[in-house]
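All chains should be modelled from the sequences, with the hints used to inform the complete structure.
Listed here are the chains, written in short residue letters.
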Amino acid sequence: MTKYEHEETWIYLSLQEVSCSFGVTTETILDIIDEGIVTAHINEQQEMQFDAEALRSIRTTLRLHQDLGVNMAGAALALELLGEIERLRALLPRG
Amino acid sequence: MEYKDYYKVMGLDKNADQDEIKRVYRKLARKYHPDVSKESNAEHKFKELGEAYEVLKDPEKRAKYDQYGQYWQHPEQQYQQQQQQSSNRHYQPGADDDQAAAFEDFINQTFRQRYRQDNASYYDKGQDIHAKMTISLEDSFNGAEKSLQLRIPEVDAYGQMDYALRTIKVKIPKGIGDTQQIRLKGQGNKGSGNQPGDLYIEINIAPHPLFRLDKKDLWLDLPISPWEATLGATVEVPTLAGVVKLKIPKLSQSGSHMRLKGKGLPGGDQMVTLQIVIPKIENEQVNKLYEEMASIAHFNPREKLGVRNDKV
Numbered sequence: 001m002t003k004y005e006h007e008e009t010w011i012y013l014s015l016q017e018v019s020c021s022f023g024v025t026t027e028t029i030l031d032i033i034d035e036g037i038v039t040a041h042i043n044e045q046q047e048m049q050f051d052a053e054a055l056r057s058i059r060t061t062l063r064l065h066q067d068l069g070v071n072m073a074g075a076a077l078a079l080e081l082l083g084e085i086e087r088l089r090a091l092l093p094r095g
Numbered sequence: 001m002e003y004k005d006y007y008k009v010m011g012l013d014k015n016a017d018q019d020e021i022k023r024v025y026r027k028l029a030r031k032y033h034p035d036v037s038k039e040s041n042a043e044h045k046f047k048e049l050g051e052a053y054e055v056l057k058d059p060e061k062r063a064k065y066d067q068y069g070q071y072w073q074h075p076e077q078q079y080q081q082q083q084q085q086s087s088n089r090h091y092q093p094g095a096d097d098d099q100a101a102a103f104e105d106f107i108n109q110t111f112r113q114r115y116r117q118d119n120a121s122y123y124d125k126g127q128d129i130h131a132k133m134t135i136s137l138e139d140s141f142n143g144a145e146k147s148l149q150l151r152i153p154e155v156d157a158y159g160q161m162d163y164a165l166r167t168i169k170v171k172i173p174k175g176i177g178d179t180q181q182i183r184l185k186g187q188g189n190k191g192s193g194n195q196p197g198d199l200y201i202e203i204n205i206a207p208h209p210l211f212r213l214d215k216k217d218l219w220l221d222l223p224i225s226p227w228e229a230t231l232g233a234t235v236e237v238p239t240l241a242g243v244v245k246l247k248i249p250k251l252s253q254s255g256s257h258m259r260l261k262g263k264g265l266p267g268g269d270q271m272v273t274l275q276i277v278i279p280k281i282e283n284e285q286v287n288k289l290y291e292e293m294a295s296i297a298h299f300n301p302r303e304k305l306g307v308r309n310d311k312v
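Residue numbers (our numbering), protein chains in the order written: chain A, 1 to 95; chain B, 1 to 312.
It is possible that part of the hints are untrue.
[As the list claims (entries may be wrong)] Quick list of the computed label-pair ranges, beta carbon to beta carbon: (1) B:60 / A:66: 20 to 28 Å; (2) B:133 / A:45: 32 to 40 Å; (3) B:226 / A:89: 45 to 53 Å; (4) B:102 / A:30: 29 to 37 Å; (5) B:23 / A:46: 42 to 50 Å; (6) B:232 / A:68: 54 to 62 Å; (7) B:216 / A:84: 18 to 26 Å; (8) B:306 / A:88: 36 to 44 Å; (9) A:85 / B:232: 15 to 23 Å; (10) B:305 / A:46: 39 to 47 Å; (11) B:233 / A:83: 21 to 29 Å.
[Claimed, not checked] Listed below are several chain A residues computed to face chain B (Cβ distance under 7 Å; list not exhaustive): (12) 21; (13) 56; (14) 59; (15) 62; (16) 63; (17) 67; (18) 68.
FYI, nobody ran anything at the bench for these hints, they're computed from the structure.
Computed from a predicted structure; not experimentally measured.
Glycine included, C-beta positions come from ideal geometry on N, C-alpha and C.
Given below as structure tokens:
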């Protein structure tokens, strides 16, 4: 099966790859880091690495900005509150 | 492109002014934004809303929509009507049909423009697609193969704007966690360059009726009877891998946890929270036994609250 040849589940992306993937400048990604929304890992070559969780947060930040006009600080707040809602919802009894 | 009543989509009156349209759009956009909303069809509603607003926010486009929209008919209806007409008399294309065609042109043009804007890329590599997919807990536990349908905007040979459905088979690796990502290299948009973009899929695990997922661990509330809790017992417990036996120690309290090692998602355990429950049906004999217990046990469950036992 050649179809799954390129399938990966554990992804680390570089700053360049992330900005390219979302079609934004690297400055935008750095702004998101400065806002404290995501933390990049630093590898042995002193390069930034973004994991799946970071990708998810960046994607949500960009979408909230693009779709709802939410700025970085607002997106940071929204993400924290969404995380809290998710945590609380998980505690609710089933059924 | 299908005709949609954009006023209805936004819950607006036909006479709504531009300010109101904007206000309502903002409000609904927040409500249905797929990253924020928990509504089941949020993504679809959000897209529909965006489409409606694209037209209604612009007074010029809105005027055209109002003008032509009333003539638009669903192709099937149109066909039926033609059939009816031709059976009565010779069918002649009327003014309504011209208007309908003009309307379709207008809608197609509007969304073609938007498609171009959305896809303007400064990179040689084709654009990446970011999608979401919801799977069941069992799919993650067992591994699975799923189909993902993507609606890719396309301009066809006649210059008409349309969505092409692309179905991609996705292998769900065993033990994938909630919000984890899968990347399929080269499955994104083609773009102008040679290198196609990648497809990123965020996996969401749907809530399970029995188990709650916490990272790799599964949590289950296990009801036990007062006598099982007091005397200890071996009971059957469901797990994703089938029923297992669990030994409940003597004097188990409600709310205490037990761990079934290695019974969670790969790398995790199943956690069991004991819950003492009593029968819902009254039984005279049982009541008598309880009365006897009450007189023997001298138990004050509210000691810590600083209140006395009623019977004492």
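Hints versus structure:
1. B:60 / A:66: 20 to 28 Å: holds (24 Å)
2. B:133 / A:45: 32 to 40 Å: holds (33 Å)
3. B:226 / A:89: 45 to 53 Å: violated (31 Å)
4. B:102 / A:30: 29 to 37 Å: violated (48 Å)
5. B:23 / A:46: 42 to 50 Å: Holds: the Cβ-Cβ distance is about 49 Å, inside 42 to 50 Å.
6. B:232 / A:68: 54 to 62 Å: holds (56 Å)
7. B:216 / A:84: 18 to 26 Å: holds (22 Å)
8. B:306 / A:88: 36 to 44 Å: violated (31 Å)
9. A:85 / B:232: 15 to 23 Å: This hint is violated: roughly 40 Å between Cβ atoms.
10. B:305 / A:46: 39 to 47 Å: violated (59 Å)
11. B:233 / A:83: 21 to 29 Å: Between residue 233 of chain B and residue 83 of chain A, where Cβ atoms are some 39 Å apart, the hint is violated.
12. 21: At about 4 Å, which falls below the 7 Å cut-off, the nearest Cβ of chain B leaves the hint on residue 21 of chain A intact, so it holds.
13. 56: This interface hint holds because 6 Å falls under the 7 Å limit.
14. 59: Where the cut-off is 7 Å and the nearest Cβ of chain B is about 6 Å from residue 59 of chain A, the hint holds.
15. 62: violated (10 Å)
16. 63: holds (5 Å)
17. 67: holds (6 Å)
18. 68: holds (6 Å)
Comparing the model with each numbered hint stated earlier shows that hints 3, 4, 8, 9, 10, 11, 15 do not hold.
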